[in-house]
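The hints should help you fit chain B onto chain A, whose structure is shown.
Each protein sequence line maps, in turn, to chains A and B.
Numbering of the first sequence is given in my numbering, commencing with residue 1 and proceeding in unit increments.
Numbering of the second sequence is given in my numbering, commencing with residue 1 and proceeding in unit increments.
In case anyone wonders, no lab produced these hints; they're calculated from the structure.
Treat the hints with care, as some may be off.
A pair counts as met if it fits within one copy or between any two copies, since identical chains are not told apart.
Mimicking EDC-like on lysine to aspartate or glutamate, the simulated pairs with C-alpha atoms at most 20 Å apart in a straight line are [unchecked claim]: (1) 481 / 52; (2) 92 / 171; (3) 45 / 546; (4) 64 / 581; (5) 481 / 639; (6) 545 / 639; (7) 384 / 612; (8) 623 / 580; (9) 207 / 616; (10) 207 / 30; (11) 545 / 30; (12) 64 / 648; (13) 207 / 583; (14) 623 / 164; (15) 392 / 57; (16) 39 / 546; (17) 594 / 622; (18) 360 / 57.
For clarity, every value in this text was computed on a predicted model and none was experimentally measured.
The lines below spell out each chain.
Number of protein chains: 2
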Amino acid sequence: MGVNSNRAEDFSSQDTTLRITTESVMPSMEIHKVCLPPKKTTLQKLKQRLGEIFFPDDPLHRFKNRTWCKKLLLGLQFLFPIFQWGPEYSLKLLRSDIISGLTIASLAIPQGISYAKLANLPPIVGLYSSFVPPLIYSILGSSRHLGVGPVSIASLVMGSMLSETVSPHDEPILYLKLAFTATFFAGLFQASLGFLRLGFVIDFLSKATLVGFMAGAAVIVSLQQLKGLLGIVHFTTKMQFIPVISSVFKHRDELPGVSIDIKAYCTYFYFAYDGSSLIPCMVLKSWIFTELTQSMKRPKLFWVSAAAPLTSVILSTLLVFCLKLKSHKISVIGYLPKGLNPPSANMLSFSGPDLALAIKTGIVTGILSLTEGIAVGRTFAALKNYQVDGNKEMMAIGLMNMAGSCSSCYVTTGSFSRSAVNYNAGAQTAVSNIIMSTAVLVTLLFLMPLFYYTPNVILGAIIITAVIGLIDYQAAYRLWKVDKLDFLACACSFFGVLFISVPLGLGIAVVVSVFKILLHVTRPNTLIMGNIRGTNTYQCLGRYKEASRVPSFLILAIESPIYFANSTYLQERILRWIREEEDWIKANNEGTLKCVILDMTAVTAIDTSGIDLVRELRKMLEKRSFQLVLANPVGSVMEKLHQSKTLDSFGLNGIYLTVGEAVADISALWKSQP
Amino acid sequence: MGVNSNRAEDFSSQDTTLRITTESVMPSMEIHKVCLPPKKTTLQKLKQRLGEIFFPDDPLHRFKNRTWCKKLLLGLQFLFPIFQWGPEYSLKLLRSDIISGLTIASLAIPQGISYAKLANLPPIVGLYSSFVPPLIYSILGSSRHLGVGPVSIASLVMGSMLSETVSPHDEPILYLKLAFTATFFAGLFQASLGFLRLGFVIDFLSKATLVGFMAGAAVIVSLQQLKGLLGIVHFTTKMQFIPVISSVFKHRDELPGVSIDIKAYCTYFYFAYDGSSLIPCMVLKSWIFTELTQSMKRPKLFWVSAAAPLTSVILSTLLVFCLKLKSHKISVIGYLPKGLNPPSANMLSFSGPDLALAIKTGIVTGILSLTEGIAVGRTFAALKNYQVDGNKEMMAIGLMNMAGSCSSCYVTTGSFSRSAVNYNAGAQTAVSNIIMSTAVLVTLLFLMPLFYYTPNVILGAIIITAVIGLIDYQAAYRLWKVDKLDFLACACSFFGVLFISVPLGLGIAVVVSVFKILLHVTRPNTLIMGNIRGTNTYQCLGRYKEASRVPSFLILAIESPIYFANSTYLQERILRWIREEEDWIKANNEGTLKCVILDMTAVTAIDTSGIDLVRELRKMLEKRSFQLVLANPVGSVMEKLHQSKTLDSFGLNGIYLTVGEAVADISALWKSQP
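The following block holds chain A by itself, in its conformation from the complex:
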């Protein structure tokens, strides 16, 4: 049963001969036929392939075998996750959500103002952005812990990309229009990726790339804050390292002597205050990232760093208010309009010379904010052991940005710092986002005048503290230790962002990452295998001391699909292995080489060039009277060998299920046909 009858006949004399032919003692074995995969039409294959590409998670599996009524409810829950947890919402959950919501609000207000400044936008836009998007996310989003709002990276990138073409100081209205238009395109791009189920696009920004990118971005942002900290008026509009540094040196005469002491005082004050929390804060971050699923042992620590920004803002505002008679040179936020988000749909412009810039900025910020939002969502979902659907998250984030662009908000996403605080403060559902929105609403309606005397320098300090935490040198060191090519991608994105530009730096890093994949395919490993004594297992000779050569056989494992990109290399490499094996045999006087076995287990795909390689190799070896045998070709390879009629030329003794069976059967054949 299951045994190829033809083989079984050839094999009748095997048991007695095998121990003589091969030197190691090998248990007797049946020979199994290598099957083709079940037949499928091109259409069926295409359907399966597309299913794997676009629906790997089988999102409709919940709908199978349900009544219509149940299906409708599930569909509603699928589109609006709020219906999933809404019915089970309790007062106890609400209490946790209120506490966490208020906590992230205290972080959101200073962060919103600071990040808007980072994007060269009016501070009030940052607060608007902490109001509408979280509300929409709480209805559409599937993560329970994501704290939604503006984030440093997207703000920085938007600021840097837009201000290289349009000056936010000379043309503030045009700049604002471009920012809203870019936000709209970011949202459109994100929602389309989700809707078209192309979420895997963001996977190409690997973690290694992001580590380098974030560090580079953090350095750039910190340098940009030199303007505010040092009070230089004619600062460069460029974002790269060299122009900024040279700008600081060129304008060092401008440094205002009067207020610098007070500024420095404010800054030091903030750092001194937050400095106490700086170290625990970084520990907390690295701890969350590295020890994802360990239960929380120090949940009380986050308060210090969560409360730091708001406390600093209040204290420094009071300080400046008290000192205002002495010095008018300290730059403060100034007047902020009271009231809710004004509509901004009329500010979106889909024509004009800057449309391309808005689209480009939208796509880059969209991709970056998606990457952060989804990574953060997945991180906290893994902590609480629930699943976040990437494509649905993309649609939620995209729709919230599209809505945001019509209500005076700029790009928002799930923020790492806000989500970490949210999680630690005990958030249970997306209601904490609603609570935060409400707190921001109250601020917008009643508390705006209080921020008049908030010094800009404290916002710079908040930004610097936030972004310095993004420099994860430990992660970079880990990359270097484990994978040098990942470290290269990381270094490329770091230096690319620092010295060239954000999109180009990211582009270079993606190219390096893809190049890594291609390099692995272009130059795959080929290993020479030996039999592990007393078993039918064959393993790499260099790695396993228990493995020994099988006389007259050369067993090679190819560790990659065979493609156009490596078929020439593999041919040369295999011929070199044969040459070296013959040299070795000659030197050791060990009989002759008669058969080359290719272990195809790891050859997971083949294309037409690969098939040509197999055919050509077979013919070349035949000319030199070696037999070529394939062991364990996978389904798709077997199918293509069959379709190209290559299988026929191999015949019965050319394809085996395992290396062990091949060695046993061929040895037996040699013995029976001397």
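For chain B alone, coordinates are given in the frame of chain A:
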């Protein structure tokens, strides 16, 4: 010996319990430890890696263990292959080479004139190009059968790329300068690729891409000949399908009525003559490609198609000479200067606005001619069972083009038609190229006036016959049958070349080919495996009917390296497999799932994102009290798991050499610790 002693103790009770735990009868087995690969420093690894990338064929292996004197001789032979076969050259070989050399000369003269016309260059340049480069190749080249000269594809591409910017009729001197400069850069590029051992770059033009490209190029060239055949004066300078066709229709009034009959007569005459050989010629070509290594059974057939061009030229020239009194409207080649190649180094210009165009054209024609030259060289080397060193060939072809650009030659390479004729005429060494050069030399010195009355129309006919043979619809059909994505690359390059442009069409095809590799990595196969009864082999459940599930185990094979590009997908997919397995178990009432085994045999590489996936998966499964086990991780994966300390978290019962050992050992453990 070779058995992990810790395991051996755990394993003492295995033999009696195993048959009870797992339902299928499984032979007893030893448990082997999974080894780390031998330790290497980063420098050693880098050295090995670079060795594999740049010296996969170990070109210096001949120099090992030799005396200094021998090494010098080998070095000389390495640089100038003529020293390899030169000393053994005999009169018998010379006779064969003279016959084949004269045969390819009879092909080279009309081809040279025609292809130069295809590149919009003066016809004499085509003859010059058949004189100097073959001489240089015969000293440097390692192929014995390559017939060197201008080829249709490179001529066409050079003509199309240059004439879109510079008109060859209005600015002939500038055009000629650009052509020589482009040739110089083509040679420089080719020689650098060879010198830097970056030969694998041309592997990225897969056979599938080239099939589509050549067909598209053939259509374009044939359409371009409409100008000559129909005698249209104001023809479009564009090369794409649509402008050419619309140009023909727009200028159909221009068609000269008087001479069209004679032109048609000449054309038909040629086709009628060569038509008899057209079919055998195509059969010959496909036969050579498909039946590479079969011994030659019909070696006499090639004469017909080899002699056709020269005979046609002679007969049509005679015909026009006789008719010249009757009609002066037949366009003829006209006056060709007698004499050897004039030096053209002074015409190379390395500045000015067209330098970028020259470099671009040089790189594209350089890559295409390299691809053809090396593919042809390898094809005939395989027929005679000798090796052609790709990187050395690149240097030879590059140097011959650089020398050619200084002696009034344009891009040359190993031509498929010329090499096939050369091979069939019995060429033995590169001396046949020297003979051909000598024949061309005699023509240049004495026979040029004879070509005065050669009608251009016959050259058009020669070109069309030559390029129509490039349309290999059978190969395209084979691609469709075996590999749909290869066919897509082929179709992209065909339509890209036809409707957009040559470099862009090729670029799209390369992107599609690379995309194919990335798609395979981004969405790898995961298979659910079962035990083949009575063996320790585990195979795909869907493919092998003999395979059956092992109760309490879920065995998954991952068929791809684990990279940033697929780690998210794999996590989702593996969790879905577990979910489906649990559903299946529930439906079939088959106990509980306790252990997930990942067969890592085909996971040939892992990066830091992949390692994160393994860690996270282990923790997620631990939370659901499933055990995660890795079977047979390859050397580099094992090493990275070790370096990232992931190995420690798996402990003793987490990594096994084979799936069989994992199942046996874990079943035994469960039995001993109920």
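Legend entry - Alpha-carbon proximity between residue 623 and residue 164, which holds within one copy, between copies, both or neither at 20 Å: neither (66 Å within a copy, 50 Å between copies)
Inset, instruction - Using 20 Å as the alpha carbon limit, work out where residue 207 and residue 30 are close: within a copy, between copies, both or neither. - result: Neither, since 47 Å and 40 Å both go past 20 Å.
Legend entry - 20 Å Cα threshold - placement of residue 583 relative to residue 207: The answer is neither: 46 Å in one copy and 34 Å across copies each exceed 20 Å.
Legend entry - Alpha-carbon proximity between residue 64 and residue 648, which holds within one copy, between copies, both or neither at 20 Å: Neither way: residue 64 and residue 648 sit 43 Å apart in one copy and 41 Å across, limit 20 Å.
Inset, instruction - Could you figure out if residue 92 and residue 171 sit no more than 20 Å apart (CA to CA) within one copy, between two copies, both or neither? - result: neither (50 Å within a copy, 86 Å between copies)
Inset, instruction - Indicate which option fits the pair residue 481, residue 52 if close means a Cα-Cα distance not exceeding 20 Å: within, between, both or neither. - result: neither (34 Å within a copy, 22 Å between copies)
Inset, instruction - Tell me, please, which holds for residue 392 and residue 57 at an alpha-carbon limit of 20 Å: within, between, both or neither? - result: within (12 Å within a copy, 50 Å between copies)
Legend entry - Alpha-carbon proximity context of residue 384 and residue 612, limit 20 Å: Answer is between: at 18 Å across copies they meet the 20 Å cutoff, but 51 Å inside does not.
Inset, instruction - Indicate which option fits the pair residue 545, residue 639 if close means a Cα-Cα distance not exceeding 20 Å: within, between, both or neither. - result: Answer is between: at 17 Å across copies they meet the 20 Å cutoff, but 36 Å inside does not.
Legend entry - Within, between, both or neither, where residue 481 and residue 639 count as close if Cα-Cα is 20 Å or less: So residue 481 and residue 639 pass the 20 Å test across copies only (11 Å; inside, 41 Å).
Inset, instruction - Classify it for me, residue 594 with residue 622: is the Cα-Cα distance of at most 20 Å met within a copy, between copies, both or neither? - result: within (10 Å within a copy, 49 Å between copies)
Inset, instruction - With 20 Å as the alpha-carbon cut-off, assign the pair residue 64 and residue 581 to within, between, both or neither. - result: So residue 64 and residue 581 pass the 20 Å test across copies only (16 Å; inside, 57 Å).
Checked against the numbered hints above, the structure violates hints 1, 2, 3, 10, 12, 13, 14 and 18; every other hint is satisfied.
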